[in-house]
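Going line by line, the protein sequences match chains W and R.
Numbering of the first sequence is given in my numbering, commencing with residue 234 and proceeding in unit increments.
Numbering of the second sequence is given in my numbering, commencing with residue -9 and proceeding in unit increments.
Worth flagging that the hints you see were computed from the coordinates, not collected in a lab.
Hints are supplied without guarantee of correctness; some may be wrong.
Counterexamples of contact, computed for chain W against chain R with all Cβ distances above 10 Å [to be verified]:
#: 1; residue: R325
#: 2; residue: D326
#: 3; residue: M373
#: 4; residue: E481
#: 5; residue: T485
#: 6; residue: A503
#: 7; residue: W555
#: 8; residue: P557
#: 9; residue: A694
#: 10; residue: G774
Only part of the chain W face toward chain R is listed, based on derived beta-carbon distances under 10 Å [said to hold, decoys possible]:
#: 11; residue: G300
#: 12; residue: L382
#: 13; residue: A387
#: 14; residue: L417
#: 15; residue: A420
#: 16; residue: A421
#: 17; residue: R422
#: 18; residue: G424
#: 19; residue: P428
#: 20; residue: L579
#: 21; residue: P580
#: 22; residue: Q581
#: 23; residue: A627
#: 24; residue: P772
What you are looking at is a predicted structure, and each value in this text was computed from that prediction instead of being measured.
Where a beta carbon is used, it is the ideal one built from N, C-alpha and C, also for glycine.
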Amino acid sequence: MIEEDGPVSEEGMQPEVADGAPERPPTSAEMTLLVDAGSAWTKAAVVARTRGRWRLVAHGAQPTAWGEEMLRDTLAARIAPSADRRVAERVRDLLAAAPRISCHTPRRAGRLALAAVSDELSGASARRAVESAGWTIEVMATADDGRSLTERLAALQEVDVDAWLLAGGFETGRADQALEMAGLVAAARGGSGAPVLWAGASTLADEVALLFEPEALTVVANARPGPSEEDPLPLRHALEDLLQRAIEPAGTRQHTPVAFRRSVAQLARATGRRIVGVDVGSHYLTWVRSDEEGAAESRVFAAGGLASARQAAGGPGRLTRWMPLAIDELAVADALQNLNARPATLPQTEDELAIVHAAVRQQLALALEADGMASGELGGIDLLIGAGRSLAGAPRPAQAAQMLIDGVRPLGVTQLALDAAGILPPLGALDDAEIGEGMAVLRDDLLVPLGTSVVCRGGRAGQLVMRVSIHRTGWPAIGPLDLRAGQLQVVPLARGHDAELEIELHNGASLGGPRRARHVTANAMGGVVGLVLDARGVPVGLPRRSDDRRAVLASWRDSFGREASLPAFEPALAGVS
Amino acid sequence: MNGATLHRIHLPRGAEPVVSAGAEVHPEQVLAVRRRPARPVRVRVTEPLHRPPGQIAALLLVRPGQSVAEGEPLARDPQGREIPAPVDGLLLGTSASDGSALVAPYGVEEPVIGHVHGRVRAVEPDAIVLEVPGVVLHGVGGTGEAVHGELVVAVHTPEEELRAGSIDVSATGKIVVGGSRASAETLTRARAMGVSGIVLGGVLDKELRDFEAIQRRRREVGGMTGAFGVLLLEGFGKVGIDPQRFAWLRTHAGHTASLFGAEGLLFVHEASPPPGRRALPRIGERVVAHRRPFQGRAGVLVAELEDLHAAPSGIPARMGLVRFEDGRLAPVPMANLEATLVAPRG
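Kindly generate the complete structure, drawing on both the sequences and the hints.
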């Protein structure tokens, strides 16, 4: 790990220095610090050259408020015991002098006022685009919100925003209401000079432009061109551009959501795999989907992180439904509020951990829903990567795997992995060419493989839906294992092992492929959790009675826990708190 | 007395500042005025000018969003015929289907009050920045409007719950320091009794939501007068105020305080520095814990455990050993502890 400028023995050990020998020039070390400074937690990793290779040698996470000096002390304390004795005393200084690759959570989200014709059509489409492009909606007014014109005007005048968004009117007809809403925005905006986006009927764009001073209005494609058509992508891209221009003129490459997207895209390109990455932070939730070519689309939910779980649709009631422990809904609501008030604290009790994990699952599911994707529509991916403190810092890898599987419901056969050291975002802050290089040199340490999930849908409760045989070279075959609808089974499949799966689907079950094949063969990669055979359906059906529901949820939790025979992450992977 | 604290008062769009930099202000003083647009009136534009409705945009002399004075021409045709604005107001928009314009007359003047003593440092387009000769406590949550009043303490201990029965007319116009919790009923009663604001260690999220819902309904049916704010200092749930902070608040009973519920701020005027807070406490320091099962409890950090240790949740963490004030000794993740620092004397 630590190398001297002078010769080093083959084993990396330094020759003995006799007492009284002339002082040798100071040793140096090749190491780099990767830092992701979040709004609540800072994650840092040290990569260093050890025995000729760059390896991850230490990593940790701590509340951002503790400061960088403490972070260096912690990392130095980790490294020192295994460091060359001549530099062990100086690790802290070496870390301070080490090159640093860093990214950070955006200083703040863009604040936007949204005016639309209809709450359920143009308003909903625009809202979805806004909320997944790194903006938050400070105020929303629609022509059908039941308020008087003056009440709407007063609401729009009250808030301080960075930009205004107008939406409404289908491409097929004329919508005077859209023009009225535009007039209202013009009245509320006054002379504030904040930019205005028009994402409504293109036929009205010229008339809307007359309401504002020249250059104030940017016209983008209609986000809701028809009653049953939605085209949010141009608006989302325009909002991303505007965010960079209006809020972060210095650039967004060092922003964690952007850097995470770049890393996932590069990884997909390098491995030729379709990858989805989800990063659940205190305030932000980012999800990235990249094809084999590295063409990546991301959604950045500025208010999608754990701190916003209390405000999420359905509130604590929805979240409580997903907890295997009988925790009072009032206590859940308080815990979520405290998570918002003090995001850099840790769940100390089992109950609080269960609440946090249920919140992660919920926020992931909501992010997919907000993107217009029902649970389970996210199929056909090869690798699902989880990132963020709550996933990477889960006490047991099985808990992280369960959060990912339950939140995303990746239909089909999907490898699961964790960015346990928080390396992906800082690497994504590098230049394009360097990201690939960084990933190549750290290939063995980049991700912690959790295993592979096989998620199917279809079938009625109790019916046989999957019969799975597992073949491993040099090992006796396992199975066939029968899974009935509602069942979950975890089969140990160690890290570094792979297996061929023969899957027979019964009673209308499907893995989400384009064809309804009854026999499927697939490869599964092992990991610290193993092979997760999941016949719980998509979306997961839960019993109505709360006792039954909790019993079922507890049995699923136990399935994950029981079969994950490996111990929790070693401390170096679990992070410092 | 401590130095001054800067405080920024946001101005809604359309508000006109009536103070200038350097001016001394008091809590009741009007800093800006605003005339909210009232129910709009429809003005026929194209019909009297014998033009088709679709031409309204070309005839208008003012753009939506601009102010017009009564009698000022709103639209003019090529022959010079004009449509005057019927009232002083704001042009909200036009309709190309019937050729009319909507003009919202300005309502009565509404004051923007600062609620703090101080000096105006700067007047910005969207805010007035004040230097406040006092100290500020940052809460973790709150609700309601900006208010000010005399600070009074209504509980005997920081763990005590604020009961509805403890609120009477003597609390009218005051900022009342409660204890670890107040029910929606207590908050509703406090508001009804004319209390300006309540400062609590904690409150159940459900109670706060219920209270907000009651206020919303009352606002909808009308008749709700006066402003009211609630500030939470420690967290959600039943959480006592840190005894040091409580003692400091008690010392400053009788001082003027300004509470900004939505922003989670409490200014206490002419006050000595309050006990501070710092992340990452040192051994021997007094600490307060922030998550269950010790949320809101104070003690002394007696040791920091070497290496990482699993909390009962299973999360490996840096742990501190805390001797709580009730005598219990317990390991707590360092991330959940804050040092509470005694205020410097003098």
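The hints, checked one at a time:
Against the 10 Å criterion, W/R325 stays outside the reach of chain R, whose nearest CB is about 17 Å from its own CB. Every C-beta of chain R lies more than 10 Å from that of W/D326, the closest at about 21 Å, which supports listing it as non-interface. Here W/M373 stays apart from chain R, with its beta-carbon at least about 17 Å from theirs, past the 10 Å limit. Against chain R, the non-interface label of W/E481 holds: every CB pair exceeds 10 Å, the least being about 20 Å.
Every Cβ of chain R is farther than 10 Å from the Cβ of W/T485; the closest lies at roughly 25 Å, confirming the non-interface assignment. With a closest Cβ-Cβ approach of about 32 Å to chain R, W/A503 is found to remain outside the 10 Å limit, as its non-interface label requires. Once the 10 Å rule is applied to beta carbons, W/W555 is consistent with being away from chain R; the minimum gap is 17 Å. Remark: the non-interface label on W/P557 is consistent with the geometry, its nearest Cβ contact in chain R lying 14 Å away (cut-off 10 Å).
The non-interface label for W/A694 is consistent with chain R: the shortest C-beta to C-beta separation is roughly 32 Å, beyond 10 Å. The beta carbon of W/G774 is kept farther than 10 Å from every beta carbon of chain R, the shortest such distance being approximately 29 Å. For W/G300, the suggested interface contact is upheld, since its CB lies about 8 Å from the closest CB of chain R, less than 10 Å. About 6 Å separates the beta-carbon of W/L382 from the nearest beta-carbon of chain R, less than 10 Å, and the hint is met.
Interface restraint check: W/A387 against chain R, minimum CB-CB distance 6 Å, threshold 10 Å, status holds. The closest approach between the C-beta of W/L417 and any C-beta of chain R is roughly 6 Å, which is under the 10 Å cut-off, so the hint is satisfied. Because the beta carbon of W/A420 sits about 4 Å from the nearest beta carbon in chain R, less than 10 Å, this interface hint is met. Hint status for W/A421: holds, given a least beta-carbon distance of 7 Å to chain R, under 10 Å.
Hint status for W/R422: holds, given a least beta-carbon distance of 6 Å to chain R, under 10 Å. Proximity of W/G424 to chain R holds as hinted, the smallest CB-CB distance being about 8 Å (cut-off 10 Å). Checking W/P428 against chain R by beta carbon gives a least distance of about 15 Å; that is not within 10 Å, so the hint is violated. Taking 10 Å as the C-beta cut-off, the interface hint given for W/L579 holds, the closest approach to chain R being about 5 Å.
The criterion of a C-beta within 10 Å of any C-beta in chain R is met by W/P580, whose closest approach is roughly 5 Å, and the hint holds. Taking 10 Å as the C-beta cut-off, the interface hint given for W/Q581 holds, the closest approach to chain R being about 5 Å. Interface restraint check for W/A627: the shortest CB-CB distance to chain R comes to about 8 Å, inside 10 Å, so the restraint holds. The beta carbon of W/P772 is not positioned within 10 Å of any beta carbon in chain R (closest approach about 27 Å), and the interface hint is therefore violated.
Going through the hint list in order, the structure does not satisfy hints 19, 24.
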